[in-house]
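Engineer: Respectively, the protein sequence lines represent chains A and U. Heads up: the first sequence begins at 1 in this note's numbering, then just goes up one per residue. Heads up: the second sequence begins at 1 in this note's numbering, then just goes up one per residue.
Hints in this document: simulated from the structure, not taken from any laboratory. Remember, it's a predicted structure, so these values are computed and weren't measured experimentally. One should not assume that every hint holds.
[As the list claims (entries may be wrong)] Rough simulated footprint, nothing fancy, chain A against chain U, three-plus residues with beta-carbon under 8 Å:
1. 32 to 44
2. 62 to 76
3. 95 to 101
4. 345 to 351
Glycine included, each C-beta is placed from N, C-alpha and C at the ideal position.
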Amino acid sequence: MAVPEQDPIIIVEGLTARFGDDTILEGVNLEVFPGEVLVILGESGCGKTVLMKHMIGLFKPCEGRVLVKGIDLAKASDEERHRLRMEIGVLFQSGALFGSMTLSENIGLPISEYTHLPPEIIDHVVKMKLGLVNLAGYEHHMPAELSGGMKKRAALARAMALDPSILFFDEPSSGLDPVTAAGLDFLIKEINTTMGTTMVIVTHELASIMNIAQRVIMLDKNAQGIIAEGNPHELKEHSRDPRVIAFFNRQPPKTGKGEIQNG
Amino acid sequence: MAEPGERKNDLVQVRGERGGTIKLFLSGRIALDSISLYTEEIRKRLSDLKPKELIVDLTNIEYLDSSGALILLELEGRAKSQAIAFSFDNMPDEVHRIMGLINREALTTPSVKTEKKREYLLEEIGEASFAFYKDMRRILIFVGEILDALFHAVRNPRLVRWDDVLFYVKRAGVDGLPILSLLSLLMGLIIAFMSSLQLKQFGANIYVASLVGIAIIRELGPMMTAIIVAGRSGSAFAAEIGTMRVNEEVDALVTMGFDPTQFLAVPKVLAAMIVVPILTLYADVFGIVGGLLVGITGLDLTIHTYIQQTVNSVTLFDFASSLIKSVVFAALISGISCQRGLQVRGGAEAVGAAATSAVVSSIFLIIVADSAFAIMLYYVQWS
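Next up, chain A with everything else stripped away, as it sits in the complex:
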């Protein structure tokens, strides 16, 4: 559970993201605390993934800065960045498993890159990671031989390969059946409570949000930033912002500019 008294593990300060003339995010401020499950939500195209990619250092801010464990990603030295990479695991929307490698090689890759463990121990750790995501016995499979849900779980095993202290998820349950999605949600919660891993999750799956989020921030395309923040259940019950109500009650927009239909 989030402990606001602790120092934040991620600080986003005045972040502005632009692509050409399009401003996606403007002056976004955000803090993520150790051990919390933070969900970034919002309609498609509001900049959820852009915000996450700034947090993992894939995008550089046009203005503002992102500090992860006190290190400014844009100004970090190679050594600092290398150290931070060990602390961060990312589950991409498509899984992003390397198609030319078996699952065992996919998961073993970060371990062999960042440690000097002998191959037999790496194999054992890989087996354990696959067991965590219920893919025991699939180490010699190629990603192309797996279903969508299995790919997601294998990608999660790779993201957790180094037991990172922060895990990022981009649409973890998109394209999955409800049972597999619920299983993935359960696993995310289990890892968070057991290992104390900080989770930052980008999603707009309501069921997942209500199930796993301890805190949510809601982005809006027109506001180009955060329009609501708090516990998802409280937001759903008490928010008076029509955009938040529309989101939690799955109401279609009237004009596409944030206005909603009555009822």
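For this one, chain A is given, so just place chain U on it according to the hints.
Structural biologist: Using the frame of chain A, we list chain U on its own:
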């Protein structure tokens, strides 16, 4: 927090007597980056002490991740397999929870799919032959499909996606002109220069023009053009269709009732058949210009003499055969490249393999076809 390697001797403390009950006190950070230190140290201590009972005390563990938990479970498993009584002592709740996260059965679950075994040479030859047979069969089927699609296109020209044809004419033709011109010019220059070194000795400078003209128009022009088109456009065709296959765009076409061969391959094949003969003519001209440059600068020939000699040496038959060859080469390159793209299964690696295979297969087919043309044209010309 202890760095790996630091306080190495403090990480594992032992209490107890050899051959009796041994208590191991583990401390520090048992994580992925330090587990080899612990395993090494524990293994060494246990092989020295040979205990009957082993108790592992976890009071002083500062940090444990899932890999650390794995090592503890392995230690338990190893002790039990050697009939050593085993127990954990003072296990903190956090450690207990992390160990509970690990699915012990998964560690011993055999792989669903076994690793490919090393094969014998004969087996490998057999497999390669079978793969070759299957490949040839697929190519033949595709040849049938593409001929059917082309026949259909000729009967119903309005159904051909002419915008796509024009697009590929530009991509394969106009965009490839600079590199083709440069390489053909250099090819003509090299042939003229190398042949002049020999022919000058006999005072036969003028025959450099004949040699360059015939070599370029009959063989090198069509061949060079085809190889450049295979490298530039064949690989692009295969990669484009292969990526569409991976992204399920080809499946989408099928479900919408389109024939992928008709929709994707025909415009490319038609574009190549239109543009490669034109490119071949360009290559012929630039090759001859290359020879001309050597002729007028190094062989004391005039522009008029050189061109006259070239015109006298080259027949209309040479030109016509060159153009027919280039049309056939174009069909082979574009056809095999589209076929390689359409047979992609899997991901990015398969797309790369298809692009490579498209180029290699194209060049192979170009040379085979050229050999066939050499023999065929010889008999046609002298019959």
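Engineer: All hints are to be evaluated individually against the structure, with a verdict given for each.
Structural biologist: Comparing the hints with the structure gives:
no. : hint       : verdict
1   : 32 to 44   : holds (count 5)
2   : 62 to 76   : holds (count 5)
3   : 95 to 101  : holds (count 4)
4   : 345 to 351 : holds (count 6)
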